[in-house]
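Each chain, written out:
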Amino acid sequence: MLIPKKIGKLRYFLSIIFFASCLTLLSQTTVTAEVSSEEISVNDYVNYILRITNPPKTGKQPKLDMPDFEDFEFINQQQHQGSQVQAGPGGTKIEVNFTLIITLKPKKTGTFTIGSAKLTFGDETFTTPELTVKVNKSASGGNYPDKPMFARMIISKSSAYIGEPVMATYKIYSRFPFEDITDYEPGEYDGFQAKTVYDILKTQNAKIGTETINGKRYQTVEIKRVVLFPLEAGEMELSPFKITGVAQVDFFRSYSDKLVSNSPSILIKEIPNKPKGYNGAVGKFSISAEISKAQIEAGEAFDLKIHIEGKGNTHLLEQPEINLPPDFEIYGDPEIVDNTDITAEGAKGSIDYNFVVRASTQGKYDLGPFVLNYFDPISQTFQTAYSDSFKIEVKGGNIAITQGGNTPNSTQVKTEIDSKEDIRFIIKDQAVIESSEEFLYGKGIFWSLLFSPLCLSFVLIFAIRKRRNRSVEEIAQKNRKHASKMALKVLKNARTSLDAGDNEKFYTDLHLSMIAYLKNKLNLDLTEMNRTRINELFVEKGMDAELGSNIFEILEQCQMARYAPIDQAGNEDLIAKAEESINRIQKVLK
Amino acid sequence: MMKWFALVALFLSIQKIWAVEITFDDANSLYTNESYDSAVIAYESLLEENQYSFEIFYNLGNAYFKTNRLGLAILNWEKARKIKPSNQLVIENLNFAYTLARDKFETNIKSVGFIKGFVYEKSPNFWVYMSLLFSVILATTLFLFFVSKNDTLHQISFYVSIVGFVCLIMFVVFAAMHKSHFETSTEAIVLQPRVQVFTEPKEGSEEAFALHEGTKVEVLKIDEEWAEIVVNKDNTGWIKLQSIGQI
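Chains as they are written, first to last, in my numbering: chain A, 1 to 590; chain B, 1 to 247.
I should point out that these hints are in silico values taken from the structure, not numbers from a laboratory. Mixed in with the good hints, there may be bad ones.
What the hints assert, rightly or not - No more than 16 Å apart at the CA atoms, straight line, and that leaves these computed lysine to aspartate or glutamate pairs for EDC-like:
1) A/K443 x B/D25
2) B/K122 x A/E437
3) A/K171 x A/E232
4) B/K122 x A/E211
5) A/K485 x A/E580
6) B/K104 x A/D327
7) A/K428 x B/D25
8) B/K66 x A/D422
9) A/K428 x B/D26
This one's a predicted model, so the numbers in the text were calculated from it and none came from an experiment.
Could you build the full structure based on these sequences and the hints that come with them?
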């Protein structure tokens with residue numbers, strides 16, 4: 001058999017490995033091969049699984065030599081790739097896996113060897129060990145009872161992961177043609193979700209066939225076909241079904257028996273290493289998305305449709321996690337459109353989730369890609385399907401208010417501004433317009449203007465007070481100035497009196513004029529008018545002591561003459577002496 | 001609507017060319033005729049001419065609100081409230097507008113105290129002029145007190161100068177309060193629909209949180225085109241300066 005012809009897509013597979021190896025810097029390369037089961041019956045299928053981990057970077061297209069599967073019939077081929085990032089104590093590790101699965105059917109019984117596969121990356125060659133598969137005659141052979149009529153429950157797999165569909169077929173066998181079946185009691189399916197795909201009671205076309213078991217021909221009737229989706233892990237035993245079959249042996253005889261089927265058990269395995277955001281999908285899926293508008297107004301809603309297609313436990317999927325930019329809100333629960341059919345492979349078809357999304361803030365946003373993680377039970381790895389991503393533009397729209405600030409529901413997405421609660425009307429009176437002047441406070445001009453009146457006031461107060469003090473002084477000076485004039489004037493009077501022969505008046509005038517002169521000139525009180533004080537002052541002002549005694553002589557003579565008259569000639573001398581004294585004092589004290 | 005708006009815009013630009021002053025009444029009648037976009041332009045042009053008035057800021061806030069620009073509406077109302085902090089109209093509008101902002105922080109606005117309201121309502125240099133006036137009064141009375149020989153005048157000037165001194169100190173304090181009320185403004189309003197707040201003042205740094213139009217923030221620091229802000233007392237971060245309007 002020419003395998004390469006059938007495995008046509010291998011070139012594509014190798015190209016992907018080649019590209020991946022160019023892009024990544026990876027460590028340990030491993031190539032392994034295994035078969036899904038080393039012992040099968042001749043009617044069964046076997047999977048040949050080739051795993052390549054971390055292909056090395058060679059820059060050359062790798063070469064793959066597959067073994068000859070000459071004892072097997074090629075059924076189909078699948079390939080998977082995946083990557084895993086592991087953060088461990090030795091740093092982050094990236095692992096890239098490629099899996100090639102070839103499904104084979106044995107042609108005959110016996111023990112067969114599958115040769116080694118050879119994978120060449122440039123200079124490096126990886127060879128997988130040879131594998132042996134034992135093909136038994138007919139696995140079921142020994143299990144069937146040797147009775148003319150019996151019931152069997154046949155399961156498609158003896159082990160499955162949670163969520164991986166298992167088909168159970170209820171069949172009855174009879175050596176004689178069936179005439180009737182009654183008292184049918186189906187079993188229970190604890191730990192499974194059961195979806196019936198065929199039920200003899202609900203169909204017109206009963207599936208009737210013939211089978212040869214251990215060389216004997218049997219008529220078979222399928223009672224029921226049910227697809228079971230395991231819900232919990234463990235060794236699950238299916239409860240048997242019961243039925244009474246009636247068969248016609250010949251024209252006169254019939255045979256009837258109460259049949260109880262076997263109760264097969266299924267090992268249900270937990271899905272290992274569930275990634276984050278895993279929604280329980282088991283099978284093979286793809287995801288796509290659609291948005292109703294690429295441009296919306298802020299506050300407006302749009303539809304986001306997530307379409308998941310595939311086979312597996314499609315109908316059991318939890319709503320996928322939708323990552324939206326902030327300020328995008330999903331209203332309520334999505335509308336779900338289930339387009340799945342239950343088949344032997346599980347639920348096949350698509351599920352649409354229609355979300356109503358509201359964007360409230362303007363801007364340009366990227367939506368998606370939306371992601372679905374699913375577990376592939378064949379390769380026993382997690383796979384990730386991605387949708388396209390979208391750009392959406394939110395334009396500035398109305399200021400929409402959500403009533404009461406609560407989460408709005410989808411029927412009332414936005415409410416316009418409530419007319420009762422509006423802003424207050426504008427002010428229409430003439431505006432008090434002021435030019436937007438600068439604040440003067442704190443500026444130099446402010447402080448100087450603030451303190452200048454006070455300073456001015458203090459300066460003025462000081463000036464006036466000083467002026468007042470000075471005016472007292474001025475009077476004294478004025479007196480001094482006038483002193484000689486006045487004295488001379490009085491002396492003149494005295495002279496007139498002397499000429500007139502009025503001696504008394506002459507002495508009085510002379511005495512008065514001298515006293516007044518001294519008083520004004522020296523700024524003295526009358527009490528200070530004594531000889532010692534006047535002498536002191538004279539010395540102080542730098543005048544002869546003689547001058548002082550002269551003046552006192554005059555004063556004494558005047559006093560004496562008032563009581564004892566003196567001769568006229570002395571009077572002439574006296575007045576001349578007085579005039580001379582005044583003139584001398586005047587010279588010193590201006 | 002758009003046609004009407006274009007016509008009014010043209011009219012306004014012609015007015016500008018002809019140097020005809022747009023009056024407050026013109027702007028008000030645009031608002032009353034529901035041509036809010038034009039009213040916005042008219043009020044803004046009044047402000048551009050260095051006119052500073054509570055009424056203009058208040059009405060401009062209304063016009064922005066009617067054109068669905070919440071951030072600018074709040075900003076102008078807040079500016080109006082700076083001028084008249086105890087005006088009931090602007091307080092009501094602001095409290096209403098803050099309920100429409102997406103970020104719901106504690107923003108219940110109340111009227112300020114009597115003294116503050118009294119002090120802040122005056123024109124920028126009112127208290128400056130008052131203090132200068134009382135400086136003159138105090139100077140005069142002090143002069144009279146120290147110089148006058150008349151006993152009655154002496155006594156009167158003594159008491160008047162004591163009163164004048166107290167008033168002077170008070171008005172200087174008022175002037176200082178008034179200035180700091182306006183000039184040390186640390187508050188700002190978010191003007192863009194959605195603004196990222198970063199942990200560092202540079203593009204592409206980690207986003208701390210996001211704010212939405214109309215949110216009031218407190219500005220702590222300004223560094224070139226970035227401002228460090230705090231909201232809700234303890235959420236701090238850096239925001240682009242252009243995305244906020246300082247009150």
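Against the structure, test the hints numbered earlier, and report the numbers of the ones violated in rising order. 1, 3, 4
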